[in-house]
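Those protein sequence lines, which keep their order, are chains V and G. Residues 2 to 262 in our numbering are what the first sequence spells out, letter by letter. Residues 269 to 487 in our numbering are what the second sequence spells out, letter by letter.
Note that these hints are calculated values from the structure, not bench results. Every residue gets a Cβ at the ideal spot worked out from N, C-alpha and C, and that includes glycine. Not one of these hints is a red herring.
Heads up, simulated SDA-like pairs for lysine to any residue below, C-alpha to C-alpha not over 25 Å straight-line: (1) Lys107(V) to Thr480(G); (2) Lys124(V) to Pro404(G); (3) Lys227(V) to Asp23(V); (4) Lys254(V) to His216(V); (5) Lys107(V) to Arg474(G); (6) Lys124(V) to Arg92(V); (7) Lys107(V) to Val379(G); (8) Lys107(V) to Phe395(G); (9) Lys121(V) to Arg399(G); (10) Lys31(V) to Ala198(V); (11) Lys107(V) to Met398(G); (12) Lys124(V) to Met398(G); (13) Lys121(V) to His88(V); (14) Lys144(V) to Asp382(G); (15) Lys227(V) to Gly61(V).
Partner residues aside, some chain G positions facing chain V, computed with beta carbon under 8 Å: (16) Glu385; (17) Gln396; (18) Val401; (19) Pro404.
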Amino acid sequence: MDQPIIRIQNLRKSFGTLTVIDGLDFDVMKGEKLALIGPSGSGKTTILRILMTLEDISGGRIEVCGEPLYHMTRNGAEVSADEAHLHRMRRHIGMVFQHFNLFPHKSVLQNITMAPILTKGEKRPDAERRARELLDMVGLADKADYMPSQLSGGQKQRVAIARALALQPQIMLFDEVTSALDPELVEEVLEVMQRLARETDMTMLLVTHEMGFAHDFADRVLFFDKGRIVEQGPPDQIFTAPQEDRTKSFLRKIIAAGQRV
Amino acid sequence: MGDWSGYLTLIFQGAWTTIQLTLMGSALALVMAFLAGLGRLSRHAVLRWLATVYIEFFRGTSIFVQLFWIYFVLPMTGLWAPTPMQAGVLALGLNVGAYGAEVVRGAILAVPRDQTEACIAVNLTRFQRMRHVILPQALPLMLPTFGNNAIELLKATAVVSLISLADMTFQAQIVRSQTGNTLLPFITILVLYFAMSSAISFGMRRLERRVTRGLDGVR
Numbered sequence: 002m003d004q005p006i007i008r009i010q011n012l013r014k015s016f017g018t019l020t021v022i023d024g025l026d027f028d029v030m031k032g033e034k035l036a037l038i039g040p041s042g043s044g045k046t047t048i049l050r051i052l053m054t055l056e057d058i059s060g061g062r063i064e065v066c067g068e069p070l071y072h073m074t075r076n077g078a079e080v081s082a083d084e085a086h087l088h089r090m091r092r093h094i095g096m097v098f099q100h101f102n103l104f105p106h107k108s109v110l111q112n113i114t115m116a117p118i119l120t121k122g123e124k125r126p127d128a129e130r131r132a133r134e135l136l137d138m139v140g141l142a143d144k145a146d147y148m149p150s151q152l153s154g155g156q157k158q159r160v161a162i163a164r165a166l167a168l169q170p171q172i173m174l175f176d177e178v179t180s181a182l183d184p185e186l187v188e189e190v191l192e193v194m195q196r197l198a199r200e201t202d203m204t205m206l207l208v209t210h211e212m213g214f215a216h217d218f219a220d221r222v223l224f225f226d227k228g229r230i231v232e233q234g235p236p237d238q239i240f241t242a243p244q245e246d247r248t249k250s251f252l253r254k255i256i257a258a259g260q261r262v
Numbered sequence: 269m270g271d272w273s274g275y276l277t278l279i280f281q282g283a284w285t286t287i288q289l290t291l292m293g294s295a296l297a298l299v300m301a302f303l304a305g306l307g308r309l310s311r312h313a314v315l316r317w318l319a320t321v322y323i324e325f326f327r328g329t330s331i332f333v334q335l336f337w338i339y340f341v342l343p344m345t346g347l348w349a350p351t352p353m354q355a356g357v358l359a360l361g362l363n364v365g366a367y368g369a370e371v372v373r374g375a376i377l378a379v380p381r382d383q384t385e386a387c388i389a390v391n392l393t394r395f396q397r398m399r400h401v402i403l404p405q406a407l408p409l410m411l412p413t414f415g416n417n418a419i420e421l422l423k424a425t426a427v428v429s430l431i432s433l434a435d436m437t438f439q440a441q442i443v444r445s446q447t448g449n450t451l452l453p454f455i456t457i458l459v460l461y462f463a464m465s466s467a468i469s470f471g472m473r474r475l476e477r478r479v480t481r482g483l484d485g486v487r
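Input sequences plus hints: build the corresponding full structure.
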């Protein structure tokens, strides 16, 4: 954990006149598990979407694996990244979405093998063998030939995790991955993620409303409000001894809503 | 009534011409629909503009006038003098293709944005996104309207009788003028048109069932 794998410097993002991220700075170390928490609209999800290049930035600078994400050098000058540069940078990053976003016209196995075959030139048998290993890991070895519409939400989300892992990214982004699930299906997804966090040295960024899970999962917790980091630290400190008033009042509301922290 | 079998042969010959026009016209329309539909969604302003001009022009003028331009005016430029069949296929394909282009565009836009984002997250290129994820999901949305368009095209083929291409309607007119009987030839072609459009409907329904397999419960 020497060199940061993600550097965010003075990041700004606005949608029209609405500023959602306002001069944000933070680094993420290689292998670090980060939980981003905070009230709705605090900009947590936007940060993940920016890292996945689903949103453009309004200002500032991001480096991923030592290279600028939204900038590139052309003729000695730094210019905005083009699609080819973004394409190259996306190899480092994978994402799991709140609403799974599986490809409904492809089987579970094809959902996982499609990108490795198309983007990394993997041979189909190799891609399928690895896809089956990943399905086994997420506990869905018997569902390889199902269509996504035949799966429960929790199963879909585990397939989505396997799909992202198949590309072997160095950084994984989890965007409220259990928020769209029925309560009884949340645990099976969290279990898979917990195991990933323990068993791999992947860098993981997690946006979540599950405070208990953020506590168990993360090395560091960032509390966001209004597009800025209000407070950050190890989970024990943030959840049991928060320093800032806004963190305290947020956690009070969460506890009042019946959640374990 | 002894000559009736001869007249019927005449009408069947016309029916074959109508079928050829419909098949080739639909093939051209399909190509144009995808070219112009994708063109409307292009990142390049020139392509968007070209596609828009094509669509607006061919939707905004009568197919009858288009056919006359292609068959009578185009040869005057000295570039190319199409045969009646070529002129017919061109007019029908370009005209119906313009309607189809809007169907293609609408169906592509109807695929949820989620799917594009998933494609970006697994690092597909723009072409791969379209080819492997967006179009396969947009196609089932296009098919019902494509079926309608093909039937519209079939019925519009009658317009080529105006440039003396011997399609089904043209032959029925011949039979009518030679026999003085209107009812029989026009009953015959009525039945034939209906049979052809039923065949199109049936074919499209089967195709729809095929491409939507596995997608049930998604929409």
